[in-house]
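Each chain is listed here by its residues.
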Amino acid sequence: MIYFDNAATTAPIEAALKKYLDVSSFAYGNPQSRHFFGREADKILEEARKSMLLDLGFKDNHNLLFCSGATESNNLAIKGTALKYKNRGNKIITSAGEHPSVLKTLDELAEIEGFDIVKLPLLANGCVSLEALKDAIDQKTILVSIMAVNNEVGAINDLKAIKEIMTPYRKALLHVDATQAVGKASLPFFLADLISFSGHKFGALKGCGALIYRKNIQFVPVNSGGAQESGNRAGTVNVAGAAAMSLALSIATKSMKKNLETVKEIRDYLLNELRQIEGVSVNSNPSCLPYVLSISLTNKKASVVVESLSRKGICVSTVSACSSKESAKSYVLEAMGVDKHCYLNPIRLSFSPKSTMEEAKTFVEEFRKSLEEVISL
Amino acid sequence: MSDNYLMVHYGELGTKGENKKAFINQLYRNLTHRLKGFSSLSFQKTRDRIYVRLNDEIPGDVIPVIQEVSGIQKISLVEKAGKSIEEIREKALSLIKNEEGKTFKAEIHRADKTFPLSSYDAACSIGDYILDHTDKVVDVHTPDIVVSVDIREEGSFIYAHSYPGAGGYPLGMNGKALMLLSGGIDSPVASYLLLRRGVRIECIHFAAPPYTSDAVLDKLKDIIARLGDFQADIKLHVVPFTKLQEAIYQHVEEPYCITIMRRMMVRIAEKVAKNCNCLAIATGESIGQVASQTLVSMRTINDVTNFPIIRPCATLDKIDIIAISKKIGTYETSIRPYEDCCTIFAPKKPKTKPKISECEYFESSFDWKPLLEESIEQINDVVFHNGVEISSIKEEGEKQ
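Protein sequences, first through last, are from chains A and B.
To convert, note that position 186 of the first sequence is 183 in this note's numbering; the numbers rise steadily by one, no gaps.
To convert, note that position 46 of the second sequence is 48 in this note's numbering; the numbers rise steadily by one, no gaps.
In short, the hints are calculated from the structure, not lab data.
Where a beta carbon is used, it is the ideal one built from N, C-alpha and C, also for glycine.
It is possible that part of the hints are untrue.
Said to hold, decoys possible - Among chain A residues calculated to face chain B with C-beta under 7 Å, some are: (1) V301; (2) E304; (3) S305; (4) R308; (5) L368.
To be verified - Computed spacing ranges between beta-carbons, pair by pair: (6) A:G222 <-> B:N27: 39 to 47 Å; (7) A:K137 <-> B:E102: 54 to 62 Å; (8) B:R338 <-> A:S22: 37 to 45 Å; (9) A:I372 <-> B:E20: 51 to 59 Å; (10) B:K245 <-> A:S22: 30 to 38 Å; (11) B:R338 <-> A:D155: 36 to 44 Å; (12) B:H163 <-> A:F34: 57 to 65 Å; (13) A:H338 <-> B:H253: 36 to 44 Å; (14) B:D322 <-> A:K131: 49 to 57 Å.
As the list claims (entries may be wrong) - In silico negatives: residues of chain A with every beta carbon more than 12 Å from chain B: (15) F23; (16) A24; (17) K160; (18) K254; (19) R272; (20) P283; (21) K298; (22) V302; (23) L306; (24) S307; (25) K309; (26) T359; (27) S367; (28) I372; (29) S373.
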């Protein structure tokens, strides 16, 4: 099997699995419990918290909250602060290329709470238009939510430039969905007020994620109940998952540079090979984070080719296998301005440090064959 | 233990002359099979009704299950009483008090001819008693409530409330049809309507990987699992259709592709139907719903076979089909978004009035017969029992 769908989820690394099993077996106490066993679990949890903040370059002014993943983290970051600070203003700025857990959450806020949501356009390279941000931001803006790395094409947004534009607008918080960046790229996350991510994108387990937030920020909780996670996220914390995620992050951080080189070599090879194939148009450019490579088919149906590859044991993704032509489209590619057939027929390859050149070569071969076998519709 | 019964009233079968016994036996088998999860029920079969004695079971649990069994007109919740007119009147009164409505009539079936009162006298006696003790009035023509009393040797059975049954015929009475199952909304509904009419089904599906996703097969399995409530054993014939489909696309002008494709499907279905003793082919088509389902299209597609093609949804609106699909629980599965042969190969401008002569012309332009034979040879059969897949066998050109 060739697994090039790591942006959807990675295989958990062995060390993380072992950690999960160890903590679950030997320190399964509830960190809220007062007895020694609970305190033991609490200690593991706090170590994980500290280690992750450190690995991501945060100093004392941020806190980390464990949750179930990026979707929950995005929901809490956006709903939690928008509702808390709605008296400061009603404008929220985001981009057209965000993940549905950001866009749909904002749509809900617009509908239920009457927030004014501005969706910034994307540039042809997949980055958010900073000019548009300059035009849109004003004193009514309470939140800017922009992803660090786009999940479909790998475009990296310039957090420093965004922060600079925001500086005069002191009421506006910056939320960064860093799901495709954490553990993969060393970006200045500390510039943001709120940072969301999932563990299963860098070798930890599914169901584990985090929200990092500046300590002075308050939330209207999305989950109400117990006082866990400083009262911001009720529910017993997944201690074993947190410990495994912290370990996976520290491993990823240590080998980040080397991993990036491995993945870049593969991406560059594929980018170069695929762009020479007739009927293929490449959407990601060399400046994108090399973990993701987006291409489009110019005269065949992507869902058919993906299915054909799947039957050969090669896993890549299209946007979705929807039958309805409208919903199968990539709204990210559409926002980047690629032509219609291309945004209706995207294929995303995404890599992990475990991906090999061998696999990349086999992929090119099989991909060519699939393209030939499948007739145009 | 209460002395409550459910009385199962036969559907149209009640009017069938010589076949009546077979009908009742089949219904009895189907009903007891469907209710075998309720261990304390006991059954009694008579010429006019089946009595289900509830014993410890709760009527609200049992009735919905019976409502799914075809061949039943209605189900009444019945209380048993002794055979004195006083006792019968008392029971009738207590039942009618729970019913909404202003007008009523009493109906007596006097199966036990030794009962001292005539049907008319008994009805008058019960009616008088209810008039005296409630504010309801008699209307013998269009009553809101009918209080029915069956007087039988073993006692009297009294009921005022009935639940609609599924109607139709007991499954298995009307032969077997081969159902073209795509995975969409319509074909599971058509399957249900056939089953309701007493027709057993086998299913045939045309798979064209990689154009269609293997996930469609999982979807079909879930649909068949739901249909398993109506027919315990269902066989699914999966036809590999890719090569034939590609050939059609390469040789036929696009507006005619879907028509030719449907003609090929019918040709294959006919052969399979013959092999597995199906008397008809059935589809989920609804007149005019899409280009390939206009009457002209149906006529042109139908031309390749002399098997009857039954289209139970033919005259239903989409909204009605969806309602049935929700009722039988296949809707949520049907709308899972995977391409099937009919959606992915749908031409941009399909022909709404395809001509038979044009089809014949296109079909003469390429050698499809070997491809069709190959498809049939490579059919894969999957057998389901009570919705669970029990085997998958390669059928190497089964001949009978």
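How the hints compare with the structure:
no.: 1; hint: V301; in the structure: 5 Å, holds
no.: 2; hint: E304; in the structure: 4 Å, holds
no.: 3; hint: S305; in the structure: 3 Å, holds
no.: 4; hint: R308; in the structure: 6 Å, holds
no.: 5; hint: L368; in the structure: 11 Å, violated
no.: 6; hint: A:G222 <-> B:N27: 39 to 47 Å; in the structure: 59 Å, violated
no.: 7; hint: A:K137 <-> B:E102: 54 to 62 Å; in the structure: 57 Å, holds
no.: 8; hint: B:R338 <-> A:S22: 37 to 45 Å; in the structure: 38 Å, holds
no.: 9; hint: A:I372 <-> B:E20: 51 to 59 Å; in the structure: 57 Å, holds
no.: 10; hint: B:K245 <-> A:S22: 30 to 38 Å; in the structure: 54 Å, violated
no.: 11; hint: B:R338 <-> A:D155: 36 to 44 Å; in the structure: 40 Å, holds
no.: 12; hint: B:H163 <-> A:F34: 57 to 65 Å; in the structure: 59 Å, holds
no.: 13; hint: A:H338 <-> B:H253: 36 to 44 Å; in the structure: 24 Å, violated
no.: 14; hint: B:D322 <-> A:K131: 49 to 57 Å; in the structure: 55 Å, holds
no.: 15; hint: F23; in the structure: 39 Å, holds
no.: 16; hint: A24; in the structure: 39 Å, holds
no.: 17; hint: K160; in the structure: 40 Å, holds
no.: 18; hint: K254; in the structure: 39 Å, holds
no.: 19; hint: R272; in the structure: 23 Å, holds
no.: 20; hint: P283; in the structure: 31 Å, holds
no.: 21; hint: K298; in the structure: 7 Å, violated
no.: 22; hint: V302; in the structure: 7 Å, violated
no.: 23; hint: L306; in the structure: 8 Å, violated
no.: 24; hint: S307; in the structure: 8 Å, violated
no.: 25; hint: K309; in the structure: 9 Å, violated
no.: 26; hint: T359; in the structure: 18 Å, holds
no.: 27; hint: S367; in the structure: 8 Å, violated
no.: 28; hint: I372; in the structure: 5 Å, violated
no.: 29; hint: S373; in the structure: 9 Å, violated
Violated hints, listed in ascending order, are 5, 6, 10, 13, 21, 22, 23, 24, 25, 27, 28 and 29; each of the other numbered hints is respected by the structure.
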